[in-house]
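Engineer: This is what each chain is made of:
2 protein chains.
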Amino acid sequence: MLSIGSLSKRTGVKVPTIRYYEQMGLLKAAERSEGNQRRYERSDLERLAFIRHARDLGLDIPAIRELIRLSEHSQQPCADADRIAAEHLAAVREKIARLRKLEQELDRIVSHCDGGHSIEECYVIRALSDHGLCEGEH
Amino acid sequence: MLSIGSLSKRTGVKVPTIRYYEQMGLLKAAERSEGNQRRYERSDLERLAFIRHARDLGLDIPAIRELIRLSEHSQQPCADADRIAAEHLAAVREKIARLRKLEQELDRIVSHCDGGHSIEECYVIRALSDHGLCEGEH
DNA sequence: CTTGAAGCTCTAGTGACTGTAGGAATTATC
DNA sequence: GATAATTCCTACAGTCACTAGAGCTTCAAG
Ligand SMILES: [Zn+2]
Ligand SMILES: [Zn+2]
Ligand SMILES: [Zn+2]
Ligand SMILES: [Zn+2]
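Protein chains in written order, with our numbering: chain G, 1 to 138; chain W, 1001 to 1138.
Calculated from the structure, these hints are not laboratory results.
Any given hint could turn out to be false.
[Unchecked claim] Straight line, CA to CA, 27 Å or less: simulated DSS-like cross-link-like pairs of lysine-lysine:
hint, chain 1, residue 1, chain 2, residue 2
1, W, Lys1014, W, Lys1028
2, G, Lys95, W, Lys1028
3, G, Lys101, W, Lys1028
4, W, Lys1014, G, Lys95
5, G, Lys95, W, Lys1095
6, G, Lys28, G, Lys14
7, W, Lys1009, G, Lys14
8, W, Lys1095, G, Lys101
9, W, Lys1009, G, Lys101
[To be verified] Interface residues of chain G toward chain W, partial, derived using beta-carbon atoms under 8 Å:
hint, residue
10, Leu67
11, Gln75
12, Arg100
13, Leu106
A virtual CB, placed ideally from N, CA and C, is assigned to each residue, including glycine.
All chains should be modelled from the sequences, with the hints used to inform the complete structure.
Structural biologist: Next up, the structure:
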C-alpha cells in the first residue's frame, strides 16, 4: 500500500494533481488509513500512469474518463476508443494548421523589420494595425 | 460617437469582450453618456482593431499592452516591438514542434488499430497504458 | 515521546474570455 | 406622450487542468 506521496514519486504526478484526478472521477476514491490518509495499490498506480500518459498525449479529462470506462469492458469492440483517438488526432492536426498560418504571417511580419526603425515606421506596428497587410486570414 | 453595441458590430468583438479589454487596460476608459453608457470615437475603433488583430495573431494581453505603450512613442526606436513579435514567433514555433511530435505519435497509434478488435486487444488502449510502446517523449 | 515531514480539506488563482442576473437607459412604435 | 423592445450597466460565476496556500492532523524516525 502506497501513500499519496510515494505514488506521486513513482509516477511523477504531483500530489495535488492526484487528488484532483480523484475529484474528477478518473481515479476511484482511494482507501483510507485509520487516520484518513489515502492508501493506494498497484492497480491505482497503473491507472494513474494511464491517465498521465493520456494527458501527455493531449487528451482531455472527459475523453480519458470515457477511455477508462471503455477499458473496463474488455470484451466489447474497441471502435469507440479508436474514434476518440482519431478525433483527437484530427483536433491536433487542426491546431497545427492554424499555428502554421500564424507562423507564416508572423515570420513575414518579423522579417520586414529589423529593429532599426522608429515606431512610426515599424512594420510590426503597422502590420498589427492593419490586417489588410496580411496575406491570409486567421 | 458609437455605443458599445455599434463598436462591437463594426469590429466583430463581442460587447463583454470590449468591456474586458477596458478592464485589462488595453482600451482607455471610454467617455460616458448622461445615462452612464460608454461612447466611443474613431480612435477607439482603431485601437480595438489593433488589439483584435494582435489577439488573432496569438499575442497575449501583457504583450499587447506593451505594444500599445510603445506605439504611443512614435519617435522611439522599434527594437522592443520587434523583439516582442520575434519572441512570439519563437513561442509559436515551439508549440508547433510539440504538436508535431504528438501528431506523429497519435498517428502511429491510431493507424495500428481499425476499431475491429476487442478492447482487450485494442492498440489504442494498450499504447495509452504503456509509454514504452511510444517512439518518442512528450 | 518528540519533532518534522507529509497528509488532510477547503479556497482561490491562472488566461481570455463568456454567460447570467437584476436593473437602468435608450430607441422604436403607436 | 405612453409603452414596448432593445440595449446598456455592474458584478459575479463558469470555463480547463491544474497549482498554491492556509490551517489543521497524522505518520515515521530517532
Ligand atoms: Zn520595427
Ligand atoms: Zn492579419
Ligand atoms: Zn482499437
Ligand atoms: Zn508515450
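Engineer: Of the hints stated earlier, which fail here?
Structural biologist: Violated hints: 2, 3, 7; rest satisfied.
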